[in-house]
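Q: Residues per chain are reported as follows:
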Amino acid sequence: MRAFFDSDLWWSFTRSPVTVISAVVAFICIAGAVFATWLAPHNPFDLASLQLMDAFKPPAWEAEGDGTYLLGTDDQGRDVLSAIMYGARVSLLVGFAAVAFSTILGVSLGLLAGYLGGTVDAVLMRIADIQLTFPGILVALLVDGIVRAALPRDMHENIALFVVIFAIGISNWPQFARTVRGSTMVERNKEYVQAARVIGRSPLSIMLSHVLPNVMSPVLVIATLSLGFAILAEATLSFLGVGVPPTQPSLGTLIRIGNDFLFSGEWWITIFPGVALIVMVLSVNLLGDWLRDALNPKLR
Amino acid sequence: MSLLDVKNLRVEFPTRRGTLVALDDVSFSIAPGEILGVVGESGAGKSMTGAAIIGLLEPPGRIAGGEIRLDGKRIDNLPYEEMRRIRGRQIGAIFQDPLTTLNPLYTIGRQLAETMTTHLPIGPGEARERAIGWLELVGIPAARERIDSYPHEFSGGMRQRVVIALALCAEPRLIVADEPTTALDVSIQAQVIALLKSLAREKGTAMMLVTHDMGVIAETADRVAVMYAGRIVEIGPVREVVKHANHPYAQGLMGSIPPLDRRVDRLQQIDGAMPRLSAIPPGCAYNPRCPQAFDRCRVQRPELMPAGATDAACWLHAP
Amino acid sequence: MLAFIISRLLQALPVMFTVSLISFAMFAYVGDPVAIMLGQDYTVAQRDALVRELGLDQPFFVQFGTFLGNAVQGEFGLSYRLSRPVSDLILERAPATLELAFTAAILALAVGVPMGVYTGLYRNSWLSRFFLTFSLIGVSLPTFLIGILLILTFSVWLGWLPSFGRGDVVQLGWWSTGFLTWSGLKALILPSITLGLFQLTLIMRLVRSEMMEVLRTDYIKFARARGLPNRAIHFGHALKNTLVPVITIAGLQLGGIIAFAIVTETVFQWPGMGLLFIQSVGAADIPIMAAYLMLIALVFVTINLVVDLLYYAVDPRLRIGRGGH
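Respectively, the protein sequence lines represent chains A, B and C. So the first sequence is numbered by my numbering: it starts at 6 and just counts up by one. So the second sequence is numbered by my numbering: it starts at 958 and just counts up by one. So the third sequence is numbered by my numbering: it starts at 206 and just counts up by one.
Calculated directly from the structure, the hints in this document are not laboratory data. Glycine residues also receive a C-beta, built at the ideal position from the N, C-alpha and C atoms. There could be a bad hint or two in this list.
Here are the computed lysine-lysine pairs in the DSSO-like style, where the Cα-Cα straight-line distance is at most 30 Å [unchecked claim]:
no., chain 1, residue 1, chain 2, residue 2
1, C, K445, C, K426
2, B, K964, C, K426
3, B, K964, B, K1030
4, B, K964, B, K1154
5, B, K1160, C, K445
6, B, K1160, B, K964
7, B, K1030, C, K426
8, B, K1200, B, K964
9, C, K445, B, K1154
10, B, K1154, B, K1030
11, B, K1160, B, K1030
12, B, K1154, B, K1200
Derived Cβ-Cβ restraints for the label pairs, each shown as a range [as the list claims (entries may be wrong)]:
no., chain 1, residue 1, chain 2, residue 2, range
13, C, T382, B, P971, 53 to 61 Å
14, C, N435, B, R1031, 18 to 26 Å
15, A, R20, B, R1255, 51 to 59 Å
16, A, V39, C, L363, 13 to 21 Å
17, B, E1015, C, P434, 54 to 62 Å
18, C, L363, B, G1082, 51 to 59 Å
19, A, E196, B, G1212, 40 to 48 Å
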């Protein structure tokens, strides 16, 4: 830990006020989401506590606002602030899970392509090239659509969350794979790998122990920047109504629900989840940008 | 009267860890039609001097003191627009790498013509004719056919000829040539230098020839200035400096030229390395490496002073 | 020139082939088209007849060949959901999407490039800092939120602009255009800003970084040393060199407009292909999804080709021949 605070990374972190603020904001978002059960003023999913009388309350500072509902209530009398905290939990869960999935998939395929070379490499990289021709969100949308169509209708509700994670994860693997493949190919031709073969050790195992540490920083950078993308992708899918199920609303779902009330004047139902989403993604992106510059100035 | 007069020029680079002095107290002059060679190790400030004269120091570098006069008129403090009219028209420049100094997306004819129409009262048609003339003059074969070619269609040596044509086409009175042959094949270097020299002589153009190649200087220049750690340590007629250098550093530099007339087993070399700009020693900057250094060298900095047929900044020649 | 185009077309073939294979696999293996088309009650004989009629009893590659043959003629069968030919549905919706995407692309380029040039040239002016902050927020703002915020401001609060639909359209043959009526143009404003904003910020940042890179090059320094006026250096020499990489990436980014059109069309209930597609995803309407996928692939391949041709036009180093070494 001492070593960490002495490091260049920590030094460059403290030198950038924007980054420090982003980190604090990101931390608050994550903490608020993870501990929503304890921190949220209300439980938006506890049907017993919902009061339809309290529906459509504006934020507390407006004339008709109610002090117990800081950011107002929605059409069913749910507290918007609490719904945001619970929703952020779903958004972050999908975001982290999707990034973890694409990291594992991308790193493994990248290692495989770089180590085996030849046809496997050519095929994998060609697929990556083709996929990278299309925007990530489109790929996620298509995968999501295909998986939905392939599965029987009554299963949708239960596995929708996994479908979204899978779709977003799939749409993002080529970035990881390309980076890891490059490093792997460099390592593969080094002498110690050849030597390992001679003394009968599996070159793959010792290469892994050399390649993985080398690719850690770029992978970390790509993962951080991907988190912003994944959260936005989930929000977009949910907004379009093909994301997480309505029983587990994410920020995107909340925005979609609130969107219906935009014209009747209840703007807070959709705007506050929107602001929460922007703040979350912006802080993650700023952290990612800083991390990229701090870890590797050459990586653009 | 001299064409270019540089007096006590000082160039500074403000950095986070304090101000670096890249050029300090640099003074020299160039007469009309004269070729002044400037030699020294990389980082000695040769190119920096050239950049300061054409008014194109890379920010955050800036002229912090002294003055530069062209024809008696100060040019170091001119507004950008006035200095721009002088660049190309009065002072031409040639850079090191011909592969990167030409815009890859414009034909060489266009680049020549735009330089001329910017500075001379001629129209596009006249400019094109003159461009062909310049290309012939610098030795591009079939100039009329090749004027609409792009830079990548020429070899390195040919491209440097185009660069020379570009530097000369508005007929400036002074050329600042910054290592014009360093990036070229050895076999072509001599041709390009010979071309540069003959054109300068023919047009009566003065030239400041920056290089680290003493051979080039000896062959081309009338006078030579030797730079070390941001200062001129010796300046004088080329023959004198090559044969009888008076500053120990210049002596060492000349000793590293392989003589053509006799065999030597080992070339002389100077021990150590030039100090970084952030760590220039007090006194004479050369004192830690100087075999003849004495107490005064370590405390007091020498100015240029007459020494034999040249001027040298060395206490050995103190009156 | 011709050889160049042909080689680029050959490179596009594998992409189109892969996408067709995916589309076909969706058709053949996802869901049960026979059950969907026959509805609840059917006999085994009816089912067999339909299987034969659709060619589903043929080997894989025969089916794929038939699919490709039909696809080339724009034939993708009937929509499961709307029971109408997919090609008709898409053709009806195409003008709306293309007009929206075109307007958004023009907006992104016409505003993004000058902003990028400005911020690249005057790095430290307060306007540049403002543009940069704006672009950072632009990149982090999801398209649908931009749309919602614009609707809230300009439709709900100010009441200036319509929030949904295309307004009045004029039929020109099979093409319906909103460009020719006042209400059509008004309806286009918010959706095209929504769709173009993200690409605009991307293009601005891209042009800015390329511009800064180019300004550091030797040939720009040499152009200064030749005493050329700043206008010629910045907007001639520097901008033209900036365009080379910008064309490639901006071209691909503009392709993203088609993808984000799905979101924009949903927010503004814009009757285009994207809205049709998202409704099809919700309803697992495979023929429309497959057709849309292939259409998108075609659009991207075309954009790539156009980008290559532009590149060829701008950069003489790609043109071979004419002496030299």
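Q: Each hint should be assessed against the structure and marked as holding or not.
A: Outcome of the hint check:
1. C:K445 / C:K426: holds (15 Å)
2. B:K964 / C:K426: Roughly 25 Å separates the two Cα atoms, so the pair holds.
3. B:K964 / B:K1030: At roughly 13 Å apart (the allowed maximum being 30 Å), B:K1030 and B:K964 satisfy the hint.
4. B:K964 / B:K1154: Within the cut-off at roughly 26 Å; holds.
5. B:K1160 / C:K445: Roughly 34 Å between the alpha carbons, so the hint for B:K1160 and C:K445 is violated.
6. B:K1160 / B:K964: Roughly 27 Å separates the two Cα atoms, so the pair holds.
7. B:K1030 / C:K426: Measuring from Cα to Cα gives roughly 24 Å; hence the hint holds.
8. B:K1200 / B:K964: holds (27 Å)
9. C:K445 / B:K1154: violated (35 Å)
10. B:K1154 / B:K1030: The hint holds at about 27 Å.
11. B:K1160 / B:K1030: holds (22 Å)
12. B:K1154 / B:K1200: holds (22 Å)
13. C:T382 / B:P971: 53 to 61 Å: Holds: the Cβ-Cβ distance is about 59 Å, inside 53 to 61 Å.
14. C:N435 / B:R1031: 18 to 26 Å: Once the Cβ atoms are compared, 22 Å apart, the range 18 to 26 Å for B:R1031 and C:N435 holds.
15. A:R20 / B:R1255: 51 to 59 Å: 39 Å Cβ-Cβ, so the 51 to 59 Å window is violated.
16. A:V39 / C:L363: 13 to 21 Å: violated (40 Å)
17. B:E1015 / C:P434: 54 to 62 Å: violated (21 Å)
18. C:L363 / B:G1082: 51 to 59 Å: holds (58 Å)
19. A:E196 / B:G1212: 40 to 48 Å: holds (43 Å)
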